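Asks: Chains as they are written, first to last, in our numbering: chain A, 159 to 785; chain B, 159 to 785.
Read the hints as simulated data drawn from the structure, not as lab findings. Note that this is a predicted model, so its numbers are computed, not measured. You may find that some hints are simply not true.
Note that the list lumps identical chains together, so a pair holds whenever it fits in one copy or between two copies.
27 Å max Cα-Cα, derived BS3-like pairs, lysine-lysine [stated by the list, open to error]:
{"no.": "1", "residue 1": "K544", "residue 2": "K464"}
{"no.": "2", "residue 1": "K464", "residue 2": "K538"}
{"no.": "3", "residue 1": "K541", "residue 2": "K464"}
Protein chains: 2
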Amino acid sequence: MPEFRLLRIDLWRQKAREERIPDKVLRRFLGGRGLGAYLALREIPPHADPLGPENRLYILTGPLTGTVDASQGIEAGRYHVVAKSPLTGVLGESNAGGRFGPWLRFSGYDGIVLENVSEEPVYISIIDGEVRFHDARHLWGRGVFYTEDRVREELGRTGPDEGAVLAIGPAGERLVKFASLINNKGRAAGRTGMGAVMGSKRVKAIYVYGTRDVGKEIVDRQGFMEAARKLHEKIASNPVSKSLNAYGTAVLVNIINEHGALPTRNWNRGTFDKAAEISGETMAEKYLVDRRGCWGCTIRCGRITKVDDPVFYTSVGKGPEYETIFAVGSNLEIGDLRPIIKINHVLNDLGMDTISFGNTVGTLMEIYEKAVNGELPKEKAEKLMKLLHDVKPLWGNAHAVIQLAYKTAYRDGIGDYLAEGAVSFAEEFGCPECPAHARRLELPAYDPRAINSMALAYATSNRGGCHLRAYAVSFDVLGVPVKKDPLAIDMEKVRLVKFQQDFFATIDSMIVCKFNTFSTEPADYVPLLSAAMGWDDFTEEELLTIGERIYNVERLFGVREGIYKDTLSPKVLEKPLPDGPAKGRTAKEALEAYLPEYYRLRGWVDGKPTRETLHRLGLDEFAYIVS
Amino acid sequence: MPEFRLLRIDLWRQKAREERIPDKVLRRFLGGRGLGAYLALREIPPHADPLGPENRLYILTGPLTGTVDASQGIEAGRYHVVAKSPLTGVLGESNAGGRFGPWLRFSGYDGIVLENVSEEPVYISIIDGEVRFHDARHLWGRGVFYTEDRVREELGRTGPDEGAVLAIGPAGERLVKFASLINNKGRAAGRTGMGAVMGSKRVKAIYVYGTRDVGKEIVDRQGFMEAARKLHEKIASNPVSKSLNAYGTAVLVNIINEHGALPTRNWNRGTFDKAAEISGETMAEKYLVDRRGCWGCTIRCGRITKVDDPVFYTSVGKGPEYETIFAVGSNLEIGDLRPIIKINHVLNDLGMDTISFGNTVGTLMEIYEKAVNGELPKEKAEKLMKLLHDVKPLWGNAHAVIQLAYKTAYRDGIGDYLAEGAVSFAEEFGCPECPAHARRLELPAYDPRAINSMALAYATSNRGGCHLRAYAVSFDVLGVPVKKDPLAIDMEKVRLVKFQQDFFATIDSMIVCKFNTFSTEPADYVPLLSAAMGWDDFTEEELLTIGERIYNVERLFGVREGIYKDTLSPKVLEKPLPDGPAKGRTAKEALEAYLPEYYRLRGWVDGKPTRETLHRLGLDEFAYIVS
């Protein structure tokens, strides 16, 4: 920075060229998620096939990425991926840690765009500005772990911290709609099927390495380091940061279960009787062997777990995160961390999003139960049973889940249907009311019937059901910045959801880790950006306006596709929870109460930004979309 | 017949043309295996790459195939596959039952040759003489079961007995060296990697159907039916036939275990303490739901088993055969039929030979044990452990075996090495003495140290270690035609081995089931062939000469490749058995005693036919190979 070096890679022609994104664009979108949304809306044609050559995959860093190492880390080790999603049909995007983001910057570029499609499978290396294409036919079909090892070997750079590899597994190659991108053998850009987009372009992996010193490009180095030090201290001293270090995200299992919001048995219950057995505390006691942070991170929430059980054997592996413990644990009634750790490992290796996979298998288990009970149309039940010739998807059957992971990644038999995601699967087999989702993206691990602000957060999330666009759990459960009653209708919570959506959009664009938001505020980032970019008159208000601008651009992508209704699937909207503190509740009351106020705050009508709102945010060029 | 209609399919040009093989060739080679060996030796160039376009895949029936239905069956429902083997480098060939053979004849052709390679994956339908090529890109990567269902659906022929589908699974596509061809969802042409050859040609499946009445082409219909009736009565009344009906081939588990010849723990023992739990008797008691015969069969040795256990769930599935129970049971110390049935099902679906797979995994388990005990070179051990990041190949760990099946079929990580077969795997990881094999083909379920005629049978088998070229168990254990002592050196047994090799070659060429040989003799087939082909002066001696001719042609293929040394791997040749009735014995003594006499009977010198022998058999055209 201040200019953003974007590497455009044309896969048809195997040509790469650098484009410099000027400061005036960065001051409107920062980088990362914001820049990706802006470029995607301009460059991806309306109604493009997400798996066709006209889709583009943006892999972007931000102005803070890779600037401060772990010694006084500000958690700026992440990158963001953006493309039209094959799962949802709207803008897909996903954010991941590890080491790929910083190494991408060190390689000489701040971002990459994959354009068109390659004729044959390739992997790409970017080393000190030099882009090379390598035949990857021998890697096609292989898992992520093997691929990373082979790519490093072939490039002669086998040191684990010598550059970084971003790869897809067989799931991405086979266009599984929720395929992920994995770097560092376990850090996933998991949601919305970005792995399938890379697979459709026949890019197996990207290796990045270089010696660029991004710190030297900071305009006011001294001011920047001073601001970073202050931010670092705030983060390091915060109790949530410490708790994340001690137990990882899995610390949430017991807390969310106590609130009756731990989705269990495919969202048919909100509490799991074996929650304690799959908690972060149990993981720390029995299976934790190390903690791992991303590049430049002091929180170090990453788990290294080891199961040395012959059946569920996995040696040292990353995770599992809280979301995975829900998705392939409580949601499938698997109350044992050994298979959860194993399944997590297998899903990382195959390159699939654990949240979507767990929800899809949960949907299968529910539909299978209906078929057994004679509650499914005969023809649907027969088709299902035929496909289940060798696997029995009973609640709690971890072995079936492992087999289904392979079948899904390779699209064999029943897996070919599971690979389409929970909503398509449920439609195919006659139970559209079975999956819990918003905008066809399967919901993460917080039941909105028991944490009612999440109903609004999920419904209005531009990429579909997501806990990372607004993390209302923060105030409804954890008391940050204020403690709210998760079951009360409280219009102040609408303002907080909108605030988080805008703030988080800037977090994903600068880019820092969202866990920073437990301990920091927008104002904390103003001096950092100001120093990094030379924006002397930059203000907190301008930062939040950037966040709002990004949120509107993402929304416009959905409006242009005709997908912008803010709602939830009947599973949580209409079906009452049968257990726990929220027994008898649905998400409908809260969503209906919150949505009008949310639209008022946003300046939207029926989910669409008005021309006035776009004008206020400097987005007149996109007014045609709402006219 | 009397002319053999051979369909030559050029996959490059997507053209098919019929060639008529004249009677004079059939009278020298019959059909099936014999004709295949003859054509392969003429048409496949020396040192051809088995997975390159110059290899050819012959799928052939014989003059008896499909002639008499099950009402008075003569077990003529089989077909034979021939090609250069990617596993052994010599002539590969394999024989299978089910329904594909007869339906191939009914479709209008007696055999198919796949030539060259297809640009894109295809499947082929042959319906009443009409050959069509269908795009199979959507089936690439799919399992055998799904593929068969989809092919039938797409062709609008969903009746289970309406034609037949021969398919490869993902293993064949990915050129796993022991990939099989599967028809009827569980009948395998398993050995020598014929599935990889079909995969290399990018043919996913072949569907055959038609209304040709092969009975009408029989020269002397009345004489034929009379001879068939006599043969049928002999077979139906025989106690071995009845025993095969009652217990399937698995009846052998207890018998062979009692002889100390049941390979256990990768050939490190000859008895298994859990043999009774994996026996045919236990299978019949607990898991058998039906018996199934091939087309035209009254023995009906095929098992339909059902396991309704959540972990090892498989609904109705074929097998397992005795060989599979050894390979993935005793050989891996898995003493429970539930996982064995499950693994068998998975291997059929993925399209892999159970014998080679079980031996290869057994080799891995032994090498892994060595690595753990520090008995492997450090660099080899490290490489192995890295590849085993998510699976622990301990003896008896059925879950690991299931995962390894997927990894092997898709060539992921450790599976990429397992896919090369036991010998290559063992060489790669520093234990060439670990696998039991002959000519790089992994040995089947009879330890030659405890049944000493099998030492000669395995060593001299042209396709490599095989129990179906000479089944010496027949006299050494079962007493057919005479009872011999399995541990005694007895030169009469050499003559019996040679006799079986020649007789069996005709069995595989007519084609009937080898189980007929427990109850019938060469003379029984003379009137059948005579009536079918109009060979009025045909004799038993001529039939056995045909068998000898075939055996020599197969041998010449190996000689031309430079691979014709008749020996066994050190595992059984030099390492003494530690347990059972044959404790302390190796296979060396018997093999050294038998081999000179065998060569004398064959008219071979050091494993090579002499010019005189070739002249006697009318094979002068191939004399150049031994000159």
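Asks: Taking the hints in turn, state whether each one holds.
Replies: Quick rundown of the hints versus the structure:
1. K544 to K464: between (37 Å within a copy, 14 Å between copies)
2. K464 to K538: Between copies, since 23 Å is at most 27 Å while 41 Å is not.
3. K541 to K464: between (39 Å within a copy, 19 Å between copies)
Taken one by one, the earlier hints all hold for this structure without exception.
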